[in-house]
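All the letters of the sequence shown, read from the start, carry residue numbers 0 to 319 under numbering that gives the first Met the number 0.
Just so you know, not all the hints are guaranteed correct.
To be verified - With a Cα cut of at most 30 Å, we get these calculated DSS-like pairs of lysine-lysine:
(1) Lys-128 <-> Lys-203
(2) Lys-275 <-> Lys-231
(3) Lys-7 <-> Lys-128
(4) Lys-167 <-> Lys-275
(5) Lys-167 <-> Lys-128
(6) Lys-226 <-> Lys-167
(7) Lys-275 <-> Lys-226
(8) Lys-275 <-> Lys-251
(9) Lys-203 <-> Lys-295
(10) Lys-63 <-> Lys-7
(11) Lys-277 <-> Lys-251
(12) Lys-63 <-> Lys-128
(13) Lys-226 <-> Lys-203
(14) Lys-203 <-> Lys-167
(15) Lys-226 <-> Lys-295
(16) Lys-167 <-> Lys-277
(17) Lys-251 <-> Lys-295
(18) Lys-277 <-> Lys-226
(19) Lys-231 <-> Lys-167
Think of the hints as simulated: they come from the structure by calculation, not from any bench.
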Amino acid sequence: MKQFYRQKTIMLAIGIILGIVYGLTARFIFESSIATVSFLVLIPVGLGVIPMLFSYQDQLNSYKWLLFIPWLSILAILGVLLLLRVEDIMCAVILAIPFFCVVTFVAFLFIFINATIANRKNKRNNRNKALGLILLPFLFYPLEQSIESPSNNYIIESEVIINAPANKIWNNIVAVDTIQDYEYNPGVLNRLGIPRPINARVTKYGLGGIRTGHFEDGLLFTETITKYDLNKEIAFSINVNTASCENKIFQKHVLQGDYFRFENAVYRLTPMPDGKIKLSLASEYNLTSNVNFYGKFWADIMIEDFQDRLLQVIANRCEE
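Based on the sequences and whatever the hints tell you, model everything.
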């Protein structure tokens, strides 16, 4: 009996190790194409299927096992990617959601067809089908690449009510003095690696002025003022200094990739009936991928979090 359990453990380990090898191979093959259906949806299918091929029939009859093993496979590959510094925490979180959703679906699919798998007559046929699922992302990828990815622009807006004169608010948004640690309230995303703003410097208070935004870890945004309506509205185009993204894995993957691009940002000051000022900040960005819906989900969360925290710093400064 002990030998049987030992054999089961060895087979499980082999399945997990092969899953890790499969995941690493896929990650390096899809290096610049992570934001694809092939990688985010089909690769997790393979990660879920591989360890099941090394499971015994009594294990495949256990619903708990069918859920646990694919999840273990995903945790293993994400852990290895973190250890090898291929991904960082923020990257792992973003990958984890579709990976876990897909392997959970695969697990329920195995439960549904388990009776067929148990049939010895169909065992070889089902293993061939499983092999097809493992190879599917690599076969589907060339087709996906041959189809032009949709490109969409999105706008996310935040606002804050400030009890201060318009000119004081204006002076705190065109250029931003260095934000001290005590002024900024970091959130979960900052703790996961999203850099917080440091300051913004401007060469000219008017059209054509260059505004440089400095962030943690040396990240730089070069912004050109495209609209300058004193005490009312300022807009600027945004160009990310890609060389400044090298310090962090997440920044490098997102800001140096071809699927996400900042377009512009606009500050607007709107007088309120009670004499206060509504300050709004709207950022426009572009996504070009076959999974824009998922990219938008994360982009909106991150940009809105950044805007809300920055506007609060500005509001506190103006009301002092």
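Report task. Given the hint that Lys-226 pairs with Lys-295, test it: the Cα-Cα distance must not exceed 30 Å. Result -> holds, 26 Å
Query raised in the report: Does Lys-63 pair with Lys-7 here, judged by a C-alpha cut-off of 30 Å?
Result: Distance ~16 Å between Lys-63 and Lys-7 Cα, so the pair holds.
Query raised in the report: Is the hinted pair Lys-226 and Lys-167 satisfied, with a Cα-Cα distance of at most 30 Å?
Result: The given pair, whose Cα atoms are some 19 Å apart, holds under the 30 Å limit.
Query raised in the report: Is the straight-line distance between the alpha-carbon of Lys-251 and that of Lys-295 30 Å or less?
Result: Distance of about 18 Å is within 30 Å: holds.
Query raised in the report: Given the hinted pair Lys-128 and Lys-203, is their alpha-carbon gap at most 30 Å?
Result: Roughly 64 Å separates the two Cα atoms, so the pair is violated.
Requested in this report: Could you grab the alpha-carbon distance between Lys-167 and Lys-128 and see if it respects the 30 Å cut-off?
Outcome: Violated - the C-alpha atoms of Lys-128 and Lys-167 are around 67 Å apart, more than 30 Å.
Query raised in the report: For the pair supplied as a hint, Lys-277 and Lys-251, is the alpha-carbon distance within the 30 Å limit?
Result: violated, 35 Å
Query - Pair hint Lys-7 and Lys-128, alpha-carbon separation not exceeding 30 Å - result: holds, 23 Å
Report task. For the pair we were handed, Lys-63 and Lys-128, check the Cα-Cα distance against 30 Å. Result -> holds, 23 Å
Query raised in the report: Is the Cα-Cα distance between Lys-203 and Lys-295 30 Å or less?
Result: violated, 33 Å
**Report entry** Pair hint outcome, Lys-275 versus Lys-226 [Cα-Cα no greater than 30 Å]
**Finding:** Given that 30 Å is the threshold and the Cα spacing comes to 23 Å, the pair holds.
Query raised in the report: Does the alpha-carbon distance linking Lys-277 and Lys-226 stay inside the 30 Å limit?
Result: holds, 19 Å
Checked against the numbered hints given earlier, the structure breaks hints 1, 5, 8, 9 and 11 and satisfies all the rest.
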